[in-house]
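Read off the chains here:
There are 2 protein chains.
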Amino acid sequence: MFANAMPRYEILSEEAMDVLDRGWRRIVSELGIEFLLPEAVEHFRAAGQRVEGDKVWLDPDFLLEQAAKAPRSFELQARNPERSLHIGGDHMAFASVYGPPFVREGDVRRDATMADFENFVRLSQAFEQLDSPGGTIVEPNDRPLDSRHLDMVYALQTLSDKPYMGSVISAENARDTIEMGRILFGSADALEQAPVSISLINCNSPLRWDDRMLSAMLEYNRANQAVVVTPFLLMGAMSPVSVPATLAQQMAEALSGIALTQLVRPGCPVVFGSFLSNTDMQSGSPAFGTPESAIGLLCTGQIARRFGLPWRSGGGLNASQTVDAQAGYEALMTMLPTFLAGANFVMHAAGWLEGGLVSCYEKFIMDIELLRMLEVEFKPLEVTEESLAFDAHEEVGSGGHFLGAAHTLMNFRECFYRPLLSSTENFDRWQRNGGADAAERAGRIWRQTLDDYEQPPVEDGVREQLREYVARRRAELGDEPIPAPAF
Amino acid sequence: MFANAMPRYEILSEEAMDVLDRGWRRIVSELGIEFLLPEAVEHFRAAGQRVEGDKVWLDPDFLLEQAAKAPRSFELQARNPERSLHIGGDHMAFASVYGPPFVREGDVRRDATMADFENFVRLSQAFEQLDSPGGTIVEPNDRPLDSRHLDMVYALQTLSDKPYMGSVISAENARDTIEMGRILFGSADALEQAPVSISLINCNSPLRWDDRMLSAMLEYNRANQAVVVTPFLLMGAMSPVSVPATLAQQMAEALSGIALTQLVRPGCPVVFGSFLSNTDMQSGSPAFGTPESAIGLLCTGQIARRFGLPWRSGGGLNASQTVDAQAGYEALMTMLPTFLAGANFVMHAAGWLEGGLVSCYEKFIMDIELLRMLEVEFKPLEVTEESLAFDAHEEVGSGGHFLGAAHTLMNFRECFYRPLLSSTENFDRWQRNGGADAAERAGRIWRQTLDDYEQPPVEDGVREQLREYVARRRAELGDEPIPAPAF
Chain A
1 MFANAMPRYE ILSEEAMDVL DRGWRRIVSE LGIEFLLPEA VEHFRAAGQR
51 VEGDKVWLDP DFLLEQAAKA PRSFELQARN PERSLHIGGD HMAFASVYGP
101 PFVREGDVRR DATMADFENF VRLSQAFEQL DSPGGTIVEP NDRPLDSRHL
151 DMVYALQTLS DKPYMGSVIS AENARDTIEM GRILFGSADA LEQAPVSISL
201 INCNSPLRWD DRMLSAMLEY NRANQAVVVT PFLLMGAMSP VSVPATLAQQ
251 MAEALSGIAL TQLVRPGCPV VFGSFLSNTD MQSGSPAFGT PESAIGLLCT
301 GQIARRFGLP WRSGGGLNAS QTVDAQAGYE ALMTMLPTFL AGANFVMHAA
351 GWLEGGLVSC YEKFIMDIEL LRMLEVEFKP LEVTEESLAF DAHEEVGSGG
401 HFLGAAHTLM NFRECFYRPL LSSTENFDRW QRNGGADAAE RAGRIWRQTL
451 DDYEQPPVED GVREQLREYV ARRRAELGDE PIPAPAF
Chain B
1 MFANAMPRYE ILSEEAMDVL DRGWRRIVSE LGIEFLLPEA VEHFRAAGQR
51 VEGDKVWLDP DFLLEQAAKA PRSFELQARN PERSLHIGGD HMAFASVYGP
101 PFVREGDVRR DATMADFENF VRLSQAFEQL DSPGGTIVEP NDRPLDSRHL
151 DMVYALQTLS DKPYMGSVIS AENARDTIEM GRILFGSADA LEQAPVSISL
201 INCNSPLRWD DRMLSAMLEY NRANQAVVVT PFLLMGAMSP VSVPATLAQQ
251 MAEALSGIAL TQLVRPGCPV VFGSFLSNTD MQSGSPAFGT PESAIGLLCT
301 GQIARRFGLP WRSGGGLNAS QTVDAQAGYE ALMTMLPTFL AGANFVMHAA
351 GWLEGGLVSC YEKFIMDIEL LRMLEVEFKP LEVTEESLAF DAHEEVGSGG
401 HFLGAAHTLM NFRECFYRPL LSSTENFDRW QRNGGADAAE RAGRIWRQTL
451 DDYEQPPVED GVREQLREYV ARRRAELGDE PIPAPAF
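From first to last, the protein sequence lines are chains A and B. Take the first sequence: its letter number 308 is residue 308 in the numbering used here, and every next letter is one higher. Take the second sequence: its letter number 207 is residue 207 in the numbering used here, and every next letter is one higher.
Excised from the complex, chain A in its bound form (with noise of 0.2 Å):
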């Protein structure tokens, strides 16, 4: 997996920490946060905290060293042990999309399927940029919703041999994940050594955690399961339009989240998260890859350094209705503040489209070709004596060219980038060979990239396991039985 050894680019003065700092803490001192699980509200009485009803008035030192028991770093595993990802540090990991309910293809936007699901755990296999599939990497609308979630996590596992994220809906689901988990790694075990599931637990910003995803997040908590506590901030609905005013938000909301999780499972994996943008305030809709957006992950990164937190971003998220010249600067102005800040778990790596509602599959051959250039712009320049090449110059001398120097003819193969979508072909070649443009070219890749394919193989008595669980789940739930998967 790829470890930014970069520098990190910092834009807050200690004076803007400490005015940040003052913001989270009156916050949750003074308004509170609601946490609408009993439960969750018990844990922070017990320790002490002022309760009234749902609402938790919390002492900020009290929630720091809270957030002080979770470990800075923390394994991930993967049934594939080399696939296995380090969250924290320098180590940057990527998922794919997660959580749109349309698909794109080419021109057709349309409701995206299982098959769908299907394709895109492939996809995310295949490209080892990626280092997860994520999740919900689009919503499979034609299963029935409440056993939807088994179907994924089951082609999620099989398809793939990278780590993957869990069901978040309710408690039951993430119990379903956890014991998928646990049939995949062969024993309860193996979950105790170490998390094999990430899972995303939003809040309800502004100040509030809903029940469902509380009480799935507690499963995980208790079962040692990485989760990724993420207030979701689109400035102007969510939270102030101000960027100080939302970062200490989130500050509040993370930390608040992060306690819980310690107070459940002391030393348990947990990650500081942001979903922070803003609304365009000319069409209320949401907007990405904007400036604020940029300095906000910038101060993020920085903010979760100051707590000793791995830190979860966005990638490459956009607000294009299509694989246009906009999704391309979008993304990457999501894409490499990114790594500017050395985001830890970066979800939404690959396929985001008009704003999350569509996982595409020309997006996300775009993506992974970001993903290719920045960690070779984000690899350290080796500047040696070597490096200089001094004899290329004695052999090309004043007005050559250097394409047949000896230097060039060693290390022509490997000495610079080499580029998976864009084309630098000239214009008249171009257009002999169809005048494609990014976007049809990328619908080229993905196909071949499918065609290729080779699922990586499971155990046939772990396979069958698994399949026995989802059936007799589905039956539990009350829904028809489904053949089993062709893998």
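Same chains, same label: a pair holds when it works inside one copy or across any pair of copies.
In the EDC-like style, the derived pairs of lysine to aspartate or glutamate whose C-alpha atoms are separated by at most 20 Å in a straight line are:
1. Lys-55 x Glu-39
2. Lys-379 x Glu-10
3. Lys-55 x Asp-391
4. Lys-379 x Glu-414
Simulated from the structure, these hints should not be mistaken for lab results.
Here the structure of chain A is known, so what remains is to put chain B in place on it, guided by the hints.
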């Protein structure tokens, strides 16, 4: 104009700087640099450097002494004093694309004409993000080669009131640019006060300066007009396939050219130029917006600051054939590092397409959007008690929304970036409105901008003198008379 008060992103260690320092010193002292203009060679000989034919072996410390005579920053005058520029320090000036023979307008790619040139000057004038229209925004192929510079300078001087770039084809063309500057600014004395033009002098890399560009440069130096001394480096062709080797070469070439300017006229304004990208080793074509070019940008900024010189880079560079996703991400992959590195004079900041062969109207608008976004992104975040908007949190509490909060209503107009081109429309509305992608929307914007364009006033007497100069010189150059333009 924009001043970049954000931190610089610097990636070279002191050790790396020392290695690069040894690198350029060896090149200039052991290999030498060719100057294909006897007058230039004579300057170096007179200053005690070793000379043989066209080749000059240079004492590195002598080069640094000469470079130290150049101003750390300087004023570049506009005929409208409000548009005069400060070149250097934290300031960043942006100029349009320079040099393409072709133009792209929607799906049509064709030879550029004088009418295109005039259109691009008008667009450059219309957008405040551009500080200069640049120079040869497109080649006006419908005008005779030897007198078209007169038409271009006239259009730059009259359709815009921003500083412009001069012709560098020959000493004679440079003299025409200077003479027309004297007419526009009312006296020769005005040019002695501060430059009114800035001109691009490219090195015929590797390690050679051609006679025509050099002779133009010397004219500008003598007349106190600014020059941008630019090694032209596509790694693999004009320099070794190594970023450090290329940086050392860039230092050697730039310092050798800059030293010459200071021998001609100590203290004359000069900019450390950089045009650094790489060859796509698969296609053999130039590639832009690459990881290597971004690394080169970051390093070049650090190096130029070390020498205490204002520096120049490219802007929205990309290799794409159309205004597609690749054009979007490659342009930003160049432009964002340009801001991180704090370039002082940014050429090709709007309109560049297809590796610089095409000036594209739609890309021009896309680049204006990038500049608008980045100027917001690179404005230091103000973190104050007031910015925490605690009253908004008190008003909204838990689980509400901020859309109607008093703080939002007071600030919604100015709180976030408002896009020019990017769309956040929801899919249904976007489709009802025609489903135009970013390139198509850009087409509407540039046409509307041209419709709304208003020419900045020029004194009749000055216009008449300029016209007379152009007509006289055209006749002297042996070209047929052309009716005076309508502007």
